[in-house]
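Protein chains in written order, with my numbering: chain G, 4 to 110; chain P, 4 to 110; chain F, 4 to 110; chain Z, 4 to 110.
Accuracy of the hints is not assured; some may be wrong.
DMTMM-like, lysine to aspartate or glutamate: derived pairs with alpha carbons at most 25 Å apart [unchecked claim]: (1) F/Lys12 / F/Asp77; (2) G/Lys59 / F/Glu90; (3) G/Lys42 / G/Glu16; (4) G/Lys44 / P/Glu30; (5) F/Lys104 / P/Asp100; (6) Z/Lys44 / G/Asp45; (7) F/Lys59 / G/Asp35; (8) G/Lys42 / P/Asp100; (9) Z/Lys59 / F/Glu90; (10) Z/Lys44 / G/Asp100; (11) F/Lys12 / F/Asp27; (12) G/Lys59 / G/Asp35; (13) P/Lys104 / G/Asp35; (14) G/Lys12 / G/Glu68; (15) F/Lys44 / F/Glu90; (16) F/Lys59 / P/Asp77; (17) Z/Lys59 / G/Asp77; (18) F/Lys12 / F/Glu94; (19) P/Lys104 / P/Glu94; (20) F/Lys12 / F/Asp35; (21) Z/Lys104 / Z/Glu84; (22) F/Lys42 / P/Glu84; (23) Z/Lys104 / F/Asp35; (24) G/Lys44 / P/Asp100; (25) Z/Lys104 / G/Glu68; (26) P/Lys12 / P/Asp64; (27) Z/Lys44 / Z/Glu84; (28) Z/Lys44 / F/Asp77; (29) G/Lys59 / P/Asp77; (30) F/Lys59 / Z/Glu84; (31) P/Lys42 / P/Glu30.
So, partial list: chain Z residues that the calculated Cβ filter (under 7 Å) puts toward chain F [to be verified]: (32) His65; (33) His66; (34) Trp69.
Just so you know, the hints here were simulated from the structure itself, not pulled from any lab data.
Every residue, glycine too, gets a C-beta built ideally from N, C-alpha and C.
There are 4 protein chains.
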Amino acid sequence: MMRGVRVQKLTGERRVAALQSLPDWSEVSGRDAISRVLKFKDFNVAFAFMTRVAMKAERMDHHPEWFNVYNRVDITLATHECGGLSERDVELAAFIDANAKVLGATL
Amino acid sequence: MMRGVRVQKLTGERRVAALQSLPDWSEVSGRDAISRVLKFKDFNVAFAFMTRVAMKAERMDHHPEWFNVYNRVDITLATHECGGLSERDVELAAFIDANAKVLGATL
Amino acid sequence: MMRGVRVQKLTGERRVAALQSLPDWSEVSGRDAISRVLKFKDFNVAFAFMTRVAMKAERMDHHPEWFNVYNRVDITLATHECGGLSERDVELAAFIDANAKVLGATL
Amino acid sequence: MMRGVRVQKLTGERRVAALQSLPDWSEVSGRDAISRVLKFKDFNVAFAFMTRVAMKAERMDHHPEWFNVYNRVDITLATHECGGLSERDVELAAFIDANAKVLGATL
């Protein structure tokens, strides 16, 4: 099953390579998850960014944990089904990075 | 100034009356703010709810602090300008309550 | 292929039954498509409705043609791949009807 | 009144200057309005763009007439209150142009 493979917990060298491909993300302490803080120009941009991620999340059926206040968005990614990081987190993180850049995010 | 009055910190009887008008909200411990947790059917509804609140927030120029994961939305309201609760938080909370109900929120 | 079947053009009795299940939709003249006009209380509700449909559309990979001005949304559904109506239009129309009702649409 | 001035119909040299500042917009035939067609990479970007414009529109209390299908957005701007173009259309058009560019719109 394609889905089965994609939600397998990343371990060993595959996990190391995944984290190296996402230099703007940090490992969450005490939990197998990654997080990133983003700042945009204002709320208008921040929420449009969140809308992009929301549509991608629905398409992937894989949703972020996120906090927002005004121009700031804190995002944590992990895969419920495997209790850790999977390929789906890597894909969603890469989407977030590409679109945050387009929308002028700092941090 | 209309805006000046609306961002004044609520105190005394006006604060008590405001909190009584918002029975679904709790006072945040250690901070002059209120919060509410909402659960919707799924992410689709939760994010449409957030979009309604986002547009209202832009119109009021008064933004929530909020956390979302899948069908859950945790919201905290306070007014930066006065370091506590103001009429604007009461207005935004009432908007949130009315629209959460329409969209079938529980909790 | 599941997708293949779902984008087949509806004809004969299946088409008749589909249209009967969607009494709020009209056939578009000169084209194998259906349309519906919706009015909401204001733009805030109309756009939140559109956000729900947008996320559903991404999930289905099946998108509406729609026009909006203020509280009004005109929607046309058809399936590009078959040049007419398919099961996917029926599914999206049913989603639209259910959510328009929740959000208090008239017309 | 600030609002009164901003919804006055633009005429004469002020109208000419406004149109010259918006080279990507066309005058609508038979009506005092302007329009622009935009194409984005996909629906995800197109709808995020629409969300930015929706929040700006709520803030200005000035809403577009727009049509969308997949990656395409057709926008018409005019001011109901004056039956023609006003400063508000110029402001909204400039916001649209700036954000369409950021999001990689073509046309």
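Results of checking the hints against the structure:
Our distance criterion of 25 Å between C-alpha atoms is met by F/Lys12 and F/Asp77, whose separation comes to about 23 Å. Between G/Lys59 and F/Glu90 the CA atoms are separated by roughly 23 Å; this keeps the pair inside 25 Å, and the hint holds. Simply put, G/Lys42 and G/Glu16 have alpha-carbon atoms about 31 Å apart, too far for the 25 Å limit, and the pair is violated. The suggested pairing of G/Lys44 with P/Glu30 is violated, with an alpha-carbon distance near 30 Å, which exceeds 25 Å.
Taking the CA atoms of F/Lys104 and P/Asp100, the gap is about 19 Å. The hint holds against a cut of 25 Å. Among the hinted pairs, Z/Lys44 with G/Asp45 is consistent with the structure: their alpha-carbon atoms are about 24 Å apart, no more than 25 Å. As the CA atoms of F/Lys59 and G/Asp35 are separated by approximately 30 Å, the hinted pair breaks the 25 Å bound. About 28 Å separates the Cα atoms of G/Lys42 and P/Asp100, which puts this hinted pair outside 25 Å; it is violated.
Proximity of Z/Lys59 to F/Glu90 is assessed by CA-CA distance (about 36 Å); at most 25 Å being required, the pair is judged violated. Only pairs whose Cα atoms come within 25 Å are accepted, and Z/Lys44 paired with G/Asp100 is accepted, the gap being roughly 17 Å. Among the hinted pairs, F/Lys12 with F/Asp27 is consistent with the structure: their alpha-carbon atoms are about 21 Å apart, no more than 25 Å. For the given pair, G/Lys59 sits about 22 Å from G/Asp35 by alpha-carbon distance, which is consistent with the 25 Å threshold.
Using a Cα cut-off of 25 Å, the hinted pair P/Lys104 and G/Asp35 is violated, with the two alpha carbons roughly 35 Å apart. For a cut-off of 25 Å, the pair hint linking G/Lys12 to G/Glu68 stands: about 18 Å separates their Cα positions. Proposed proximity of F/Lys44 and F/Glu90 is contradicted: the alpha carbons are some 30 Å apart, above 25 Å. Distance hint between F/Lys59 and P/Asp77 is fulfilled; the C-alpha atoms sit about 23 Å from each other, no more than 25 Å.
For the suggested pair Z/Lys59 and G/Asp77, the alpha carbons sit about 23 Å apart, so the restraint of at most 25 Å is met. At most 25 Å may separate the alpha-carbon atoms for a hinted pair to count; F/Lys12 and F/Glu94 meet this at roughly 14 Å. At most 25 Å may separate the alpha-carbon atoms for a hinted pair to count; P/Lys104 and P/Glu94 meet this at roughly 16 Å. Taking the CA atoms of F/Lys12 and F/Asp35, the gap is near 9 Å; set against the 25 Å cutoff, the hint holds.
A threshold of 25 Å between alpha carbons decides the hint, and for Z/Lys104 with Z/Glu84 the separation of about 29 Å lies outside it, so the pair is violated. Between F/Lys42 and P/Glu84 the alpha-carbon distance is near 37 Å, which puts this suggested pair outside the 25 Å criterion. Restraint check for Z/Lys104 and F/Asp35: the C-alpha separation of about 35 Å exceeds 25 Å, so the hint is violated. For the hint pairing G/Lys44 with P/Asp100, the CA-to-CA distance comes to about 29 Å; that exceeds 25 Å, so the pair is violated.
Taking the CA atoms of Z/Lys104 and G/Glu68, the gap is near 30 Å; set against the 25 Å cutoff, the hint is violated. Using a Cα cut-off of 25 Å, the hinted pair P/Lys12 and P/Asp64 holds, with the two alpha carbons roughly 17 Å apart. Taking the CA atoms of Z/Lys44 and Z/Glu84, the gap is near 35 Å; set against the 25 Å cutoff, the hint is violated. The suggested pairing of Z/Lys44 with F/Asp77 holds, with an alpha-carbon distance near 24 Å, which does not exceed 25 Å.
As the CA atoms of G/Lys59 and P/Asp77 are separated by approximately 22 Å, the hinted pair is consistent with the 25 Å bound. A distance of roughly 35 Å separates the Cα atoms of F/Lys59 and Z/Glu84; the hinted pair therefore is violated under the 25 Å criterion. Between P/Lys42 and P/Glu30 the alpha-carbon distance is near 19 Å, which keeps this suggested pair within the 25 Å criterion. Annotation: Z/His65 was flagged as interfacial toward chain F, and the flag is violated, the nearest CB pair being 10 Å apart, outside 7 Å.
Among the interface hints, the one on Z/His66 holds; its C-beta lies about 5 Å from the nearest C-beta in chain F, closer than the 7 Å criterion. For Z/Trp69, the interface hint holds, since its Cβ comes within 7 Å of a Cβ in chain F; the closest pair sits about 6 Å apart.
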